[in-house]
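A.B. asks: Take a look at the letters that make up each chain.
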Amino acid sequence: MIPPEFEYHRPETIDQALVLLTQHGEEAKILAGGHSLLPLMKLRFAEPAHLVDLNFIESLRGIKESNGLIEIAAMTTESQLITSPLLLDKCPLIPDAASQIADPQVRSRGTIGGDIVHADPGNDHPAIMLALEASFVILGSNGERIVPASGFFLGAFDTQLEENEILKAIQVPVSVAGSGHAYCKLKRKTGDFATAASAVSLVVEGGVCKKINIALTNVGATALKAEAAESILTGQTLSDLLMEKAVEKAMAICDPAEDLRGDREYKIHMAGEMTRRAIREAFAKATGGG
Amino acid sequence: MAKKHISFTLNRQNIDVLVEPRELLIHVIREQLQKTGSHIGCETSHCGACTLDLNGQSVKACTVLAVQAEGGEVLTVEGLLQNDKLHPLQEAFMQEHGLQCGFCTPGMLMRAYRFLQENPQPTEAEIRSGMAGNLCRCTGYQNIIKAVQTAAKNMASA
Ligand SMILES: Cc1cc2nc3c(=O)[nH]c(=O)nc-3n(C[C@H](O)[C@H](O)[C@H](O)COP(=O)(O)OP(=O)(O)OC[C@H]3O[C@@H](n4cnc5c(N)ncnc54)[C@H](O)[C@@H]3O)c2cc1C
Ligand code: FES
Ligand code: FES
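Residue numbers (this note's numbering), protein chains in the order written: chain S, 1 to 290; chain U, 1 to 158.
Treat the hints loosely; a few may be bogus.
With a straight-line cut-off of 27 Å between C-alpha atoms, the simulated BS3-like cross-links for lysine-lysine are [unchecked claim]:
#  : chain 1 : residue 1 : chain 2 : residue 2
1  : U       : LYS35     : U       : LYS4
2  : S       : LYS249    : S       : LYS285
3  : U       : LYS4      : S       : LYS42
4  : S       : LYS210    : S       : LYS187
5  : S       : LYS187    : S       : LYS245
6  : U       : LYS85     : U       : LYS35
7  : S       : LYS42     : U       : LYS146
8  : S       : LYS189    : U       : LYS146
9  : S       : LYS42     : U       : LYS3
10 : S       : LYS210    : S       : LYS285
11 : S       : LYS64     : S       : LYS211
12 : S       : LYS90     : S       : LYS285
Read the hints as simulated data drawn from the structure, not as lab findings.
The following block holds chain U by itself, in its conformation from the complex (with noise of 0.2 Å):
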């Protein structure tokens, strides 16, 4: 099948990149753009490893075509770092010990990270509703929860 040329924004840099139609959003990232903070656990959108940002929304991208991308904006775990700062969150999940063998964590971060402009203060309940589509096999979720309501609270009153 012939490949497409595609363009699109990743962690605010343009890329162009040639596809075949049938290839999943995170083999291209992590195969060809090699940005492998996206992990793949299930590849079947159940766990949430390879949860990014496209569009201003979180998605798996073990189930969106990266033709789907073209002429979209993506962010990636590695996009969170910006003049060498980490971000609030990344430094919350780090203060409360958010996470344990790191598997998880970069989905958990993007989804925190898009979770927390969709709800800036969040309650237990729904940070715990708002994670559900992320899975940690690790840490039981309690630090997690806690490092999203620490970075919440860095964030509101930086």
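Excised from the complex, chain S in its bound form (with noise of 0.2 Å):
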């Protein structure tokens, strides 16, 4: 299988990859790792005239710390990501989940930006940046914008990003005191998409939830946030009862699509299921216990 004609651009800065987007308008496409868009090329399913690779700007790789936010350059690798001593130390969501994602070799393509911009609803990072509420920086020929994950994601492949703009980006917090934070991913296989999973981030103080962020990945047409579990445990301690209420409200908001990982009934089950470990992991770390 060999993708369409296309032209190959092989910029060296972000300005002359914004030139090139402006340029070709409608026509052109990021090339970012490579690991969504070129699979769908070969399958005829995009068929872009003009390819601009990403993968040669320095500037859009590396990880930073300033301010107590954490920024993420679009192009880091998931294998970058794994490997990140800040990330592990200040933010370790984002290593955990890039960890469960595909197999190594793909790991040392893909990349984060392209992960969240191509928002297929079994894509991991659209969840974790949920739950971590992160911001994209995101770039195009009139300047800067900041965007919040929130609000971002809009439907399958579909996100507020403008046709040829850049995401630059990502910021994410530094992780508090008392903080915990779980990925639980159920796969059939290695290299599998999830059947469901959730991100859980939470703030443990004296026993009682301060603030939960849970969101799910591959049960809607995008990630979903759970906002109605999440109100069931703030501000309280963690129950048996509770947590079952919070599962319960997690599963209603889950509308999967049929396919080979299993019906409609089982990704609910499933997606409560892991809400209900990502929650307990999440709180044993907060506390001292994970």
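The task is to assemble the complex, starting from two chains supplied on their own in separate frames and drawing on the hints.
C.D. replies: See below:
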């Protein structure tokens, strides 16, 4: 399988990339890790006349911290996320989730930016971004704007990113004392997308859950923020009863499509189970038991 | 579409080749450059048979464009042999019977080659997750894992 014909561009700066994208308009597509786009092109689901390869723009790679925010450049690969000492120390949910994506070879090419912008319901980073209250630094020919992850995902393969804009970086807050995170993902085998998955990020103070974010993968057209479930647990000490109520609320927002991974009922049930496990694991980590 | 001249090193030798932008790296290496060690199993980035080393990383060459290798360093299974000597991984795959039909073997070797540089003293569990992008339909993996363990041991004491 060979992709259809296109012209290949290899800009070395973001400005050059923006010029190319503006020049070629809707005929152009950005090439990041290529592990979603090239398969789509082989199948003729995407037939861009121009590919703008971002792999050779140095400023689009790397992870740094300033003013309580961690900024991850969009072309940072999954392997780089997994091995980043800064993330492992100050935002461990991202390396944890990245290590559950695909396999080592795919992770040496696939980028965090591509995983977010592609916005396949099965992509894992969108839920992680919701759970971490991330923001996206987006660059267009009219300059830069910062968009919160909440509200960014509009539908399957659809986001607030406008045509020919570049996702430049992802900003996430440094995790505070008493915080715990978990990403529980059910998959049939290595390299498979989630049957269902749940991301939890919470803060516990004196046994009380001060704050909790719960987001689900692959049980709806986009990653879903389980807000009703969060409200059940916020300000409370964790009990079996509250846990079950929260899990029920999380399951209530699921609207998965039936496919080879399972029917709707099974997937919703599994989203509940992943949420239960993720809350427990995150709680244990926050209280030093993990 | 206009073809492009690209150059890169393939197994430490400079290569200059004319490719269409849409050509995949695996096709250029196998068909134009006649290095048929790297195999094509699925062509959809699932099986790992096409795994090779690009700029110090394991990649599935069926999901990389040849033009993206421009200026880079590519190592395939043919490059494991140096000065007529097999690589310790190749020795270990022979010794441990780490293959049956051999179709997956070049990909396994190239992934193991990079993996042991990332993690020279891996546990069995680490080998299994490090090699998770490579499928084998024959061996049941046991002897492949053993071969990687043996190679790690031999390389450490070498
Ligand atoms: C075998 C296999 C298993 C996989 N399993 C998983 C999995 O379990 N979980 C998961 O989340 N993913 C999985 N993936 C998908 C993989 O993670 C992709 O790498 C990812 O979805 C897309 O990232 P990319 O960098 O490869 O982007 P590309 O494929 O290059 O691009 C994807 C899309 O995003 C656009 N884009 C990319 N970067 C930018 C940017 N910076 N600004 C604007 N637009 C941009 C592109 O134009 C394109 O439309 C799997 C892929 C394979 C092949
Ligand atoms: S041929 Fe490339 S992964 Fe199967
Ligand atoms: S030895 Fe036959 S596929 Fe692995």
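A.B. asks: Among the hints numbered above, which are violated by the structure, and what are their numbers in rising order?
C.D. replies: 4 and 7
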